[in-house]
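Sequences listed follow chains X and E, in order. If you're matching positions, the first sequence starts at 16 in the working numbering and goes up one per residue. If you're matching positions, the second sequence starts at 360 in the working numbering and goes up one per residue.
Nothing false has been slipped in among the hints.
The calculated DSBU-like cross-link candidates involving lysine-lysine, where the alpha carbons are at most 35 Å apart (straight line), are:
#: 1; chain 1: E; residue 1: K692; chain 2: X; residue 2: K111
#: 2; chain 1: E; residue 1: K663; chain 2: X; residue 2: K338
#: 3; chain 1: E; residue 1: K647; chain 2: X; residue 2: K118
#: 4; chain 1: X; residue 1: K340; chain 2: E; residue 2: K664
#: 5; chain 1: E; residue 1: K663; chain 2: X; residue 2: K154
#: 6; chain 1: X; residue 1: K211; chain 2: E; residue 2: K717
#: 7; chain 1: X; residue 1: K340; chain 2: E; residue 2: K444
#: 8; chain 1: E; residue 1: K461; chain 2: X; residue 2: K258
#: 9; chain 1: E; residue 1: K461; chain 2: X; residue 2: K211
#: 10; chain 1: E; residue 1: K444; chain 2: X; residue 2: K392
Beta-carbon label-pair distances, calculated as ranges:
#: 11; chain 1: X; residue 1: S363; chain 2: E; residue 2: E474; range: 28 to 36 Å
#: 12; chain 1: X; residue 1: V82; chain 2: E; residue 2: E474; range: 41 to 49 Å
#: 13; chain 1: X; residue 1: L216; chain 2: E; residue 2: R518; range: 19 to 27 Å
Listed next, the stretches of chain X that the computed footprint assigns to chain E, with coverage defined by at least 3 CB atoms under 8 Å from CB atoms of chain E:
#: 14; region: 125 to 137
#: 15; region: 197 to 207
#: 16; region: 233 to 241
Simulated from the structure, these hints should not be mistaken for lab results. Being a predicted model, the structure only gives us computed values, none of them experimental. Cβ atoms here follow ideal geometry from the backbone N, Cα and C, with glycine treated the same way.
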Amino acid sequence: MVDDQLFKSSLLFSEQRLCYADILPPSQVRARIEVAVLNFLRILTSPGRPAVSDLHLIGRRSRNSNVGSGLVSGGLWIYLSKEVTKRSLGRESAAKAFVRVWKVMEMCLRVLVEEKRVTQRELFYKLLCSSPEYFTSQKQVNRTIQDVVALLRCSRYSLGIMASSRGLIAGRVMLQEANQDVFDCSSCGSSGHAIKGDLNLLENLVINTVARYVIVIEKHAVFQRLVEDRFFNHIPSILITAKGYPDIATRLLLHRISRAFPSLPILALVDWNPAGLAILCTFKYGSIGMGLEAYRYACNVKWLGVRGEDLQLIPEESLTPLKAKDLQIAKSLTSSEILQDCYKEELSLMVQKGSRAEVEALYYHGYDFLGKYLAEKI
Amino acid sequence: MEKTTDLDDPQRRRTHLLRKIKDFTRSIVGDLVGGRSPEISINKYRNYCTNSDGNCFCSCNLVYGKEVLALRTQCQVHRIDVLLKVLAIVQQLLQENRHASKRDIYYMYPSVFREQSIVDRAINEICIILECSRHNLNVVSVANGLVMGWIKFSEVGDRFDCISSPNSPHPVPVHVEEVSDIFTIAQYILIVEKESVFQRLANDQFCSTNHCIVITGRGYPDISTRRFLRVLVEKLNIPVYCLVDCDPYGFDILTTYRFGSMQMAYDAKYLRLPEICWLGAFISDSEKYSLPSQCLLPLTIEDKKKAEAMVHRCYLHSEEPQWRSELELMLEKGVKFEIEALSVYSLSFLTEEYLPSKIRGTRRLPGSQVQPVNWYAH
Numbered sequence: 016m017v018d019d020q021l022f023k024s025s026l027l028f029s030e031q032r033l034c035y036a037d038i039l040p041p042s043q044v045r046a047r048i049e050v051a052v053l054n055f056l057r058i059l060t061s062p063g064r065p066a067v068s069d070l071h072l073i074g075r076r077s078r079n080s081n082v083g084s085g086l087v088s089g090g091l092w093i094y095l096s097k098e099v100t101k102r103s104l105g106r107e108s109a110a111k112a113f114v115r116v117w118k119v120m121e122m123c124l125r126v127l128v129e130e131k132r133v134t135q136r137e138l139f140y141k142l143l144c145s146s147p148e149y150f151t152s153q154k155q156v157n158r159t160i161q162d163v164v165a166l167l168r169c170s171r172y173s174l175g176i177m178a179s180s181r182g183l184i185a186g187r188v189m190l191q192e193a194n195q196d197v198f199d200c201s202s203c204g205s206s207g208h209a210i211k212g213d214l215n216l217l218e219n220l221v222i223n224t225v226a227r228y229v230i231v232i233e234k235h236a237v238f239q240r241l242v243e244d245r246f247f248n249h250i251p252s253i254l255i256t257a258k259g260y261p262d263i264a265t266r267l268l269l270h271r272i273s274r275a276f277p278s279l280p281i282l283a284l285v286d287w288n289p290a291g292l293a294i295l296c297t298f299k300y301g302s303i304g305m306g307l308e309a310y311r312y313a314c315n316v317k318w319l320g321v322r323g324e325d326l327q328l329i330p331e332e333s334l335t336p337l338k339a340k341d342l343q344i345a346k347s348l349t350s351s352e353i354l355q356d357c358y359k360e361e362l363s364l365m366v367q368k369g370s371r372a373e374v375e376a377l378y379y380h381g382y383d384f385l386g387k388y389l390a391e392k393i
Numbered sequence: 360m361e362k363t364t365d366l367d368d369p370q371r372r373r374t375h376l377l378r379k380i381k382d383f384t385r386s387i388v389g390d391l392v393g394g395r396s397p398e399i400s401i402n403k404y405r406n407y408c409t410n411s412d413g414n415c416f417c418s419c420n421l422v423y424g425k426e427v428l429a430l431r432t433q434c435q436v437h438r439i440d441v442l443l444k445v446l447a448i449v450q451q452l453l454q455e456n457r458h459a460s461k462r463d464i465y466y467m468y469p470s471v472f473r474e475q476s477i478v479d480r481a482i483n484e485i486c487i488i489l490e491c492s493r494h495n496l497n498v499v500s501v502a503n504g505l506v507m508g509w510i511k512f513s514e515v516g517d518r519f520d521c522i523s524s525p526n527s528p529h530p531v532p533v534h535v536e537e538v539s540d541i542f543t544i545a546q547y548i549l550i551v552e553k554e555s556v557f558q559r560l561a562n563d564q565f566c567s568t569n570h571c572i573v574i575t576g577r578g579y580p581d582i583s584t585r586r587f588l589r590v591l592v593e594k595l596n597i598p599v600y601c602l603v604d605c606d607p608y609g610f611d612i613l614t615t616y617r618f619g620s621m622q623m624a625y626d627a628k629y630l631r632l633p634e635i636c637w638l639g640a641f642i643s644d645s646e647k648y649s650l651p652s653q654c655l656l657p658l659t660i661e662d663k664k665k666a667e668a669m670v671h672r673c674y675l676h677s678e679e680p681q682w683r684s685e686l687e688l689m690l691e692k693g694v695k696f697e698i699e700a701l702s703v704y705s706l707s708f709l710t711e712e713y714l715p716s717k718i719r720g721t722r723r724l725p726g727s728q729v730q731p732v733n734w735y736a737h
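Assemble the whole structure, with the sequences as input and the hints as a guide.
Listed below in structure tokens is the structure:
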């Protein structure tokens, strides 16, 4: 890779260790691919010692992850550092993985030249037909795509790979795309407004709001209930959901809103179980899986509900036992250094009681209860 | 007695249903006062059977049996208890004109209900007893479908304008009975099984060059999506085409759109689309369009079991025998393929060649009426 020594030396120490995948325009991605090819050829044909060079990818394991803290914002986030893993032609077992990375790069280059996008499934079929001896399953293709992201340090989206966005937004916010009318998210029917998967579009969205809070909601059903009850008219707010673990587009939009309106508190409404807390943490700190692409989108999210102190509102029968998967998630969360102590306490309470509760359990007290509960907590 | 869904005005419908609930409860109380066990008779419906001699009347929405609940066994007593509790909740929903999901209802009395499936069954039974559709009881679920294209409509007072950006997805409305003021210049409706195909069409700007409405249920379509399609077909009178993967699950989704699901058999009249035309994909397409052999994946054991079970459904014998032959051909050849495989040679193949040629090739009878049966594209 072409390194700019002067630029690098002027970065702060922590930032020098930081690695990320950019959202780049197609021309730059093509340039990076071409540079990779040229470097490889240069070493292969060097007059003194020709060699097949290894591919250096940013390591995507937890030992390469670090916690960064903003000097100004004070928030924490997870990022991946410079430790590399290698794909090399030398070792027989890993030779195919080496070739796969090149094949995916080639296919992505072709797609970019055509100025189109592909889905991961379409990419799988293309690779299956062009190089059947190297690609046999969708999982392999997905892993190789992650390798290319780690090698070229550009996001999947820049490589031309389409992803659907699961997010929805509603409330007192106005969004405007380039050359389009302003869209008012408070008159969006009962389903909310779909967040598009086009990251470029989201980067250039003009956002205006009179809301006083942003509420991130784990589940689609809860989001729909609040939209239907027009919660944002009682308390001026913006409601966002990613229907589970957040995708990049939703995190990007949330991050943009938080940057554009830094005084707007971001509150999360998740189920009282380890998975809910894990979702909250993904919004708040990021994740290792998306560490390269989405490290910047961490936001300061506060845990509004459901919390341990609300358990008195929920009848015993509405609590369900924790499953094995929940305990696993709880264990990995408690062992992470980034989690703050009061969250760890709640986790241990969950494990101790051995039960979990969903937000809908609050409906025991009637339909409007959820709105009142939220209003009080806020 | 007039069927509840024939009443157009929602206010009248609610009053009518509340009256029915009162009458029903009065008759039960009358039985108890008189020292008799109340007998609740629930009609059984189905939309197919495996009897292939053509003598069944599955497609005529007729009752094929009855189940009678009485205070005889412990299990039946519990079922009546659940039924009455759910009925009380529904009555409150109708009186206050609020909506709730099945999950919300479960959380009202979790100790009595014990499981979500018990609530689901009670809701279906109430629909059968009161002779209405589920949404008439104000029981709704989240909207899972997406729509894009040349259509504008209103829902709950909000205006949805898909025409301003015909290649952007919008969620399908939840309260389909409140959809009004539909305006369209679309020439047909295209249903696609998967969201990824929907994305491909959006990315290729299919709706810019084709004046149509594209809808996806993202897999098995939910009730809102099917009802929305039903409303569109009735109001707009334009052809409906369906594009699914060439595999048993795609075929099952196609039959769900066409005939409805077994679970909702009591409401099938409002949830099925006899006008639907199966556009693709067919096994014969793989030869016609020279699909590489690697794209033809072998049928798994589950695939074969599913296909063999579906082949015996009576409606395939009586109403769509050509569909059955296609399924049998798939079983015979033992292979399947997905729509994404069509993008192998060229990403725009689907939008620029496959779909237009299929749509051109559909046979039409003179006049504006679309022939409902024995009709599919080749």
